[in-house]
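Student: Here is how the chains run, residue by residue.
2 protein chains.
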Amino acid sequence: MTTVLLLVILCGVLSIAYAIWATRSVLASDQGTARMQEIASAIREGAQAYLARQYMTIAIVGVIVFLVSWWLLSIYAAIGFAIGAVLSGAAGFIGMNVSVRANVRTAQAASRSLAAGLSVAFKSGAITGLLVAGLALLGVSVYFYVLTGPLGLAVSDRTVVDALVALGFGASLISIFARLGGGIFTKGADVGGDLVGKVEAGIPEDDPRNPATIADNVGDNVGDCAGMAADLFETYAVTVVATMILGAITFAGTAVVDSVMLLPLAICGACIITSIAGTFFVKLSPNGTIMGALYKGLWASTLLSIVGLAIATWGTVGFGDIGQTAKGLEISGLSLFFCGIIGLAVTGLIVWITEYYTGINYRPVRSISQASVSGHGTNVIQGLAVSLESTALPTIVIVAGIISTYQLAGLYGIAIAVTTMLGLAGMIVALDAFGPVTDNAGGIAEMSGLPSDVRKSTDALDAVGNTTKAVTKGYAIGSAGLGALVLFAAYNSDLAYFVEQASAGNGSGEFSYFQGVAPDFSLTNPYVVIGLFLGGLIPFLFGGIAMTAVGRAASAVVIEVRRQFKEKPGIMAGTERPDYARAVDMLTRAAIREMVIPSLLPVLAPIVVYFLVYAISDKSQAFSAVGAMLLGVIVTGIFVAISMTSGGGAWDNAKKSFEDGFVDSAGVKHFKGSDAHKASVTGDTVGDPYKDTAGPAVNPAIKITNIVALLLLAVLAHL
Amino acid sequence: MTTVLLLVILCGVLSIAYAIWATRSVLASDQGTARMQEIASAIREGAQAYLARQYMTIAIVGVIVFLVSWWLLSIYAAIGFAIGAVLSGAAGFIGMNVSVRANVRTAQAASRSLAAGLSVAFKSGAITGLLVAGLALLGVSVYFYVLTGPLGLAVSDRTVVDALVALGFGASLISIFARLGGGIFTKGADVGGDLVGKVEAGIPEDDPRNPATIADNVGDNVGDCAGMAADLFETYAVTVVATMILGAITFAGTAVVDSVMLLPLAICGACIITSIAGTFFVKLSPNGTIMGALYKGLWASTLLSIVGLAIATWGTVGFGDIGQTAKGLEISGLSLFFCGIIGLAVTGLIVWITEYYTGINYRPVRSISQASVSGHGTNVIQGLAVSLESTALPTIVIVAGIISTYQLAGLYGIAIAVTTMLGLAGMIVALDAFGPVTDNAGGIAEMSGLPSDVRKSTDALDAVGNTTKAVTKGYAIGSAGLGALVLFAAYNSDLAYFVEQASAGNGSGEFSYFQGVAPDFSLTNPYVVIGLFLGGLIPFLFGGIAMTAVGRAASAVVIEVRRQFKEKPGIMAGTERPDYARAVDMLTRAAIREMVIPSLLPVLAPIVVYFLVYAISDKSQAFSAVGAMLLGVIVTGIFVAISMTSGGGAWDNAKKSFEDGFVDSAGVKHFKGSDAHKASVTGDTVGDPYKDTAGPAVNPAIKITNIVALLLLAVLAHL
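As they're listed, the protein sequences go chains A and B.
Per the working numbering, the very first residue in the first sequence carries number 217; after that it's consecutive.
Per the working numbering, the very first residue in the second sequence carries number 217; after that it's consecutive.
Rather than coming from a laboratory, the hints here were simulated on the basis of the structure.
Built from N, CA and C at the ideal position, the CB exists for glycine as well.
Among the hints, a few may not be true.
Using 25 Å as the maximum straight-line C-alpha spacing, the simulated BS3-like pairs for lysine-lysine come out as follows [unchecked claim]: (1) B:K894 with A:K888; (2) A:K782 with B:K885; (3) A:K499 with A:K672; (4) B:K872 with B:K414; (5) B:K888 with B:K872; (6) A:K888 with A:K872; (7) B:K414 with A:K894; (8) A:K835 with B:K543; (9) B:K894 with A:K414; (10) B:K782 with A:K885; (11) B:K894 with A:K894; (12) A:K894 with B:K888; (13) A:K414 with B:K885; (14) A:K872 with A:K414; (15) B:K672 with B:K872; (16) B:K414 with A:K885.
Covered by chain B, according to a simulated footprint, are these stretches of chain A (three or more residues, beta-carbon under 8 Å) [what the hints assert, rightly or not]: (17) 596–610; (18) 704–712; (19) 736–744; (20) 842–854; (21) 888–901.
Please model the entire structure based on the sequences and the hints provided.
Tutor: Dropping the structure here:
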C-alpha cells in the first residue's frame with residue numbers, strides 16, 4: 217500500500233523534475249536583441265508587480281481563513297488549507313515566471329523558424345501544465361501520507377477528510393481570486409487598449425505607442441497563465457479529494473477501502489508520466505499544421521494513458537470484483553478501468569467539439585464571419601447564437617458519460633472517470649499555457665520592430681491558442697459537469713454520516729447538531745426547487761458582475777490612454793515614450809478591487825442560504841436547500857461557462873478569418889480594414905470578457921460553492 | 217356550486233362583451249387621410265396573409281394531433297385539444313385584427329393629442345388582453361362545465377383531467393408556433409430593414425422608400441400582438457388547469473374538493489372584472505407621464521383584485537379551515553387568500569424590477585448608454601452584463617413567493633398564488649398589446665408624412681412600450697418560475713396515481729403499464745441529474761436556433777432590399793414605389809419554414825428522453841429523468857428568458873436615450889447620429905431577437921415540455 221503511495225509521490229516529483237529540466241532548457245534559449253529584452257522586462261516587471269499585489273490581498277484573506285479553520289475545525293484542516301493555497305499560488309506564480317521569460321525567447325526562436333518558436337513556447341506551457349498536475353498530486357498525496365502514516369490517523373477518519381477538503385478550499389480560494397482578478401486585468405487592458413488604440417488612434421495592436429500595450433501583454437500572463445493554472449490546480453485537487461472520499465464511503469469497512477482510496481492517486485500518477493511522454497510528441501512536421509503538432513502530443517498522452525490506467529488499476533484494486541454499491545451493483549477493477557477510458561473519451565470528444573465550434577474552418581466560425589458582412593449587430597447576433605448552440609453537444613457527451621459510468625460502477629465509477637479526465641490536466645494545461653507565451657511573443661516582435669514574417673509566425677501560433685484556450689475551458693467545465701454528482705455525493709454522504717452518528721446515541725454528544733436532521737433531496741420538496749433556483753442564479757449574477765468589472769476597467773484604461781496621448785503629444789510621433797507602468801499600476805488596483813465582491817458571492821451563498829432557510833423552516837430543509845444549490849450552480853454553470861468560452865473563441869477566430877481575407881457567400885473577399893472586419897472586431901471585443909473573465913471564472917465558482925458547503929457541514933459537526 | 221361556475225362563465229362573457237364594446241369604440245375613431253389608410257391597409261393585408269399561412273401550417277399539425285389524441289386518449293381529449301388550439305388562435309387572430317385597424321386610428325388621434333392617441337392605442341391593447349383572459353377562462357370553465365354537468369363525469373375523473381390537459385396542449389402548440397414564427401418574422405424584418413435602410417442607405421426608420429418597412433410594421437402585429445396573445449392564453453389556461461388538478465388531488469375524497477377546484481376559476485373570473493375596471497383608470501393626467509397613466513390602471517386592477525380575491529374565496533371555500541396537506545399543514549380559506557395576495561405582490565415586484573432594469577432613467581440603461589460612448593463592443597458588453605444581472609432580483613422574488621406561499625398552504629398555496637398572478641393577465645396583456653399599435657402608428661405617421669410632432673407623440677408612446685413589453689415577458693416567465701413546482705407536482709401526482717392504481721391489483725389490468733414503477737426524484741439519483749442537464753439544455757439550444765433563424769431571415773431581407781434598390785433606382789429618388797409585398801411574402805415563407813424544427817424540440821424532448829432512458833435503464837428511471845427534465849427546463853429557462861427580455865429592453869431604451877441627447881460621465885452630450893448613438897444601435901439590433909424572438913419563446917417551450925410529459929403519462933396509462 218505504502219509502496220503505491222510512494223510511487224505516486226515519485227510521479228509527482230518526476231513532474232517537478234521535468235519542469236526544472238524544461239525551465240533550464242527554455243532559459244538557455246537566445247533572448248534576442250536588447251530592445252526585445254527591454255520590452256520583455258517591462259512585461260515581466262508588470263506581471264510580477266501584479267501578482268505580488270494580488271497574492272498580498274489574498275494572503276490577508278488567507279490568514280483569516282487559516283485562523284478560522286484552525287479555530288472551527290482543527291490544525292490539520294488549517295494546514296491543509298495552507299497547503300492548497302500555497303501550492304495553487306505557486307503553480308500560477310512559477311508558471312507565470314517561466315512564461316514571462318519564454319515570451320522573448322519564443323519571439324527570437326520564431327525569427328529562426330516556426331518549429332523553433334513552437335518548441336520554446338510549448339515547452340514553457342508544458343512547465344505550467346506539469347507543475348499544476350505535479351504540485352496538486354504531491355499536495356494531496358504527501359499530506360494524505362503524512363496524516364495516515366506518521367500521524368497515524370485512519371484513512372477515513374473525519375480529521376483526514378476535513379483536512380483534504382480544506383486543502384481543496386485553499387486551492388479554490390486562490391483560484392477564484394486569480395481567475396477573476398487576472399481575468400479583469402487582462403480583458404480590461406485588452407478591451408480598453410484596443411478601443412483607444414485600434415479604433416480611436418488607428419494604430420495596430422501591440423503598437424509601442426499605445427500606453428496600454430505593456431499592460432495588455434502583462435494581462436496575458438496574469439490572466440491566461442497564472443489564473444488558469446490556479447483554476448486547474450483546484451479542479452484537479454478537489455476532484456482527487458472528492459474521489460478519495462467517495463471511495464472511502466462506498467467501500468467503508470471492506471478490505472479494499474485502502475486500495476480504493478489510492479486508485480485516484482495512482483491514476484493521476486500514471487497520467488503524469490504519460491503527459492510528460494506526450495510532450496515529446498509535439499513536433500511540427502514539415503507539412504503539418506501547428507494544431508496537428510499539438511494534437512499529436514495530446515493523442516499520444518491519451519493513448520498512453522490507457523496503458524497507465526491499466527497499470528494503476530492493476531497495482532491498486534486489481535481487475536477482479538471488489539465489492540458492491542449500496543444498490544447492489546457488483547463493481548470490478550475492470551469496470552473501473554472502463555470508466556477511466558470513458559473519462560478519456562469524454563476529454564477527446566470535448567476537445568473535438570470545442571475545436572469544431574471555435575476552429576476557423578468550420579460552420580460556426582464561418583457563420584459569424586458571414587454575419588459580419590451585414591454589420592456589427594448581425595455579427596453579435598450570430599456569435600450569441602453560436603455560443604448558445606455550442607452547449608448542446610458537450611452536454612450530451614457529459615450526460616452519456618454520467619450514464620455509462622454509473623451503469624458500470626455506480627457513483628464511484630463516475631468519480632474515476634472524472635479523475636482520469638483530469639489526469640490529463642498536465643497535457644491540456646500545456647496546450648493552453650503556451651497561448652499567452654505566443655501572444656506575448658507577437659507583441660514583442662511588433663514592439664521591437666522584428667521583420668513581419670516573425671509576426672506572421674507568432675500570429676499563426678496565436679490563432680491556434682484561441683482554440684486551445686477554449687478547449688481547456690471546455691475541459692475544465694466538462695469535468696465539473698461530469699463531477700457534479702461526485703461533489704454532491706460527497707456533501708450528501710457527509711451529511712448522512714453526521715446524522716447517523718448523531719442518532720447512534722452513544723452518549724458522547726458528538727455531532728449532536730445533526731440530531732433529528734432528515735434532508736429531503738426530492739424534487740417534490742419546494743426547498744430543493746428554491747435551492748436549484750438560487751444555485752442557478754450564481755453563474756448569471758457572477759457573470760454579470762464580472763462583465764461589468766471588465767467594462768469599468770476598460771473604460772479606466774481608455775481615459776488613462778487618452779490622457780497620455782493628450783499630455784504627451786510626442787507619443788504618437790514616436791519621439792516620446794508612453795508611461796506604460798501607470799496603465800499597469802492602474803489596472804492592478806482596479807482588478808484587485810473588483811475581484812473581491814464577486815469572489816465572495818460563491819463563498820457566502822451556501823452559508824447565507826443555509827441560515828436563512830434554517831430561520832424560516834428547519835435544519836433539514838436548510839440542508840436540502842444547500843444541497844440543491846450545489847446542483848443548481850452546476851446546472852446553469854455548465855451552460856453559461858460553455859456558451860461564454862466557446863462563443864468567445866468563435867468570435868475571436870471569426871475576426872482572425874479576415875486577416876487572410878474572408879470570402880462571403882456572394883463570393884466577395886473581405887480583408888482586414890473592411891467594414892466586415894470592423895464588425896468582427898466588435899464581436900471579438902464582446903467575446904473577450906465572455907471567454908477570458910466571466911466564463912472561466914464560473915468553474916471555480918461552482919467548485920467553491922461545493923467546497924464551502926462541505927466545510928459548513930464540518931464546522932457544524934464541531935459545534 | 218353550479219352557480220359559482222355559471223358566474224365564472226358570466227365573467228368570461230363580460231370580457232367578450234367589453235372586447236366588442238371597445239372594438240366598436242376603436243373602429244368608430246377617425247381613420248385619417250387616404251394616404252394613411254392606404255399604408256394601413258398594406259400592413260393589414262400583410263399581417264392577415266401571414267397569419268392565414270401560419271394557421272394553415274399549424275392546422276396541418278393540429279389535425280394530426282387531434283386524430284392522434286382521439287386514438288391514443290379519448291374524443292374528449294381530442295375536443296379539448298381543439299378548443300385550446302382554436303381559442304388560443306382566435307385570441308391572437310382577433311387581437312391582431314383589431315390592432316391592424318387601431319394603428320391608423322391611433323396615428324390620427326395622436327395628431328389631435330397625446331392623450332387621445334394613448335386612449336385609442338390602449339383600448340386596442342385592452343381588447344387583446346381581455347380576449348386572452350376571457351377566452352381562456354371560458355374555454356376551461358365551459359368545457360369543465362360540459363364534462364362534469366351534462367356529460368355527468370366526476371370532477372376528478374381521469375377523462376376530465378386528460379381533456380383539460382389536452383386543452384392546455386392545444387393552446388401550447390399554437391403559442392410556440394405563434395411566438396417563434398411571429399418572432400422570426402418581426403425581427404427578421406426589423407433587423408434586416410434597419411441594416412440595409414438605416415445603415416447602408418442612410419434613410420430613417422419607417423421611411424416609405426425602404427421596401428422592408430411594411431414588413432417591419434406587419435411584424436409588430438404578428439409577433440408582438442398575435443404571438444404574445446397566444447403565449448399568454450396558454451400560460452393562463454395551463455396554470456388554471458394545473459391548479460384545478462392539484463386542488464382535486466390535494467383534497468381528494470374530502471367534502472371541499474368541488475369548491476377547491478372552482479376556486480382558481482372564481483379568482484380568474486373576479487380578476488377579469490377588476491381588469492375591466494382597471495382599464496377605465498388609464499387616463500393621461502395633465503402633467504402626468506404615459507407610464508404613470510398605465511400604472512394607474514395596473515395599480516387600480518391590483519388593488520381591486522384584493523377585493524375580488526376575497527369574494528372569490530368567500531364564494532367557494534370560505535375563510536375557515538378546509539383540510540390538511542399530506543404533510544399535516546392545516547389549510548384555511550384565509551391562508552389561500554393570503555397566497556393570492558402574495559401572487560399579486562410578486563406581480564407588482566416583477567413589474568417594478570423590470571421597469572428598473574429597462575427604464576430609461578435608471579442605472580442599468582444609463583450604464584449601457586455610457587458604455588456606448590466608448591464603442592460598439594463596450595455597449596454590447598455592458599448590455600450583456602445588465603442582462604445577466606437582471607435575473608437576480610426576480611429570482612429572489614420568485615423564491616420568496618414559493619417559500620411564503622408553501623409555508624402558508626403547501627403546494628396548493630403556490631398554485632393559488634400563480635393563478636392570482638395570472639388573473640391579472642387581462643390588464644398586463646393590455647399594457648403590452650398597445651405597444652405594436654403605437655409602433656405601427658409611428659410608422660404610418662412617418663410614411664404618410666404627418667407633421668413631426670405626431671411622430672413625437674407616437675415615439676413617446678412607443679418608448680413606454682419597450683418597458684411594458686419587457687414587463688409582460690418578465691411576468692409570464694415569473695409565473696412559470698413560481699408555477700414550476702405546480703406543473704412538476706401535476707406530473708408527479710399523476711404518476712403516483714397511475715402507479716397506485718396499477719399496484720392496487722383490482723384485476724382490471726388498468727394502468728398495468730405502471731406496475732412496479734417507483735420513480736426516484738432525489739438529487740442523489742444520476743438520472744435526475746441528467747434530466748436536469750437535458751432539460752436545462754432546451755432553453756439554450758432553442759435560443760441558439762431562434763437567434764440563427766432571425767439572422768438568416770434578416771440576411772434574406774437585406775439581399776431582397778438591396779436587389780430592389782438596384783433594380784428600381786427610382787425608389788431612392790421617391791419616384792418609384794418599392795415592392796412591399798415581396799418582402800412580406802418572403803419573410804412569411806422564411807418564418808414559417810424556420811419555426812417548425814425549434815418548435816418540435818420541446819415537444820419531442822420528453823418523449824425521446826423517456827424512451828432512451830427506458831432503453832438504457834428501466835421505466836422508473838425513465839420517469840425520474842423526464843420529471844427532472846421538467847424542472848431543468850425551468851431552472852435554466854427562467855434565467856435565459858429574463859436575461860434576454862430585460863437585456864433586450866435595456867438595449868432598446870439605451871438607444872432611445874440618445875434621441876433626446878445623452879449626457880455622458882464627462883459631461884459631453886451625444887445626439888442621434890453620433891458615434892455613441894451608432895454603437896447603441898448595434899446593441900439594439902442584438903437585443904431585438906433576444907427580447908422578441910428567443911427570450912419570449914422560452915416560456916411556451918417550458919410549458920410545452922411540461923404538458924407533453926403529462927400527456928405522455930396519460931397515453932402510457934391507456935396502453
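Student: Looking at the structure, which of the earlier hints fail to hold?
Tutor: Nothing - there is no hint that the structure violates, so all of them hold.
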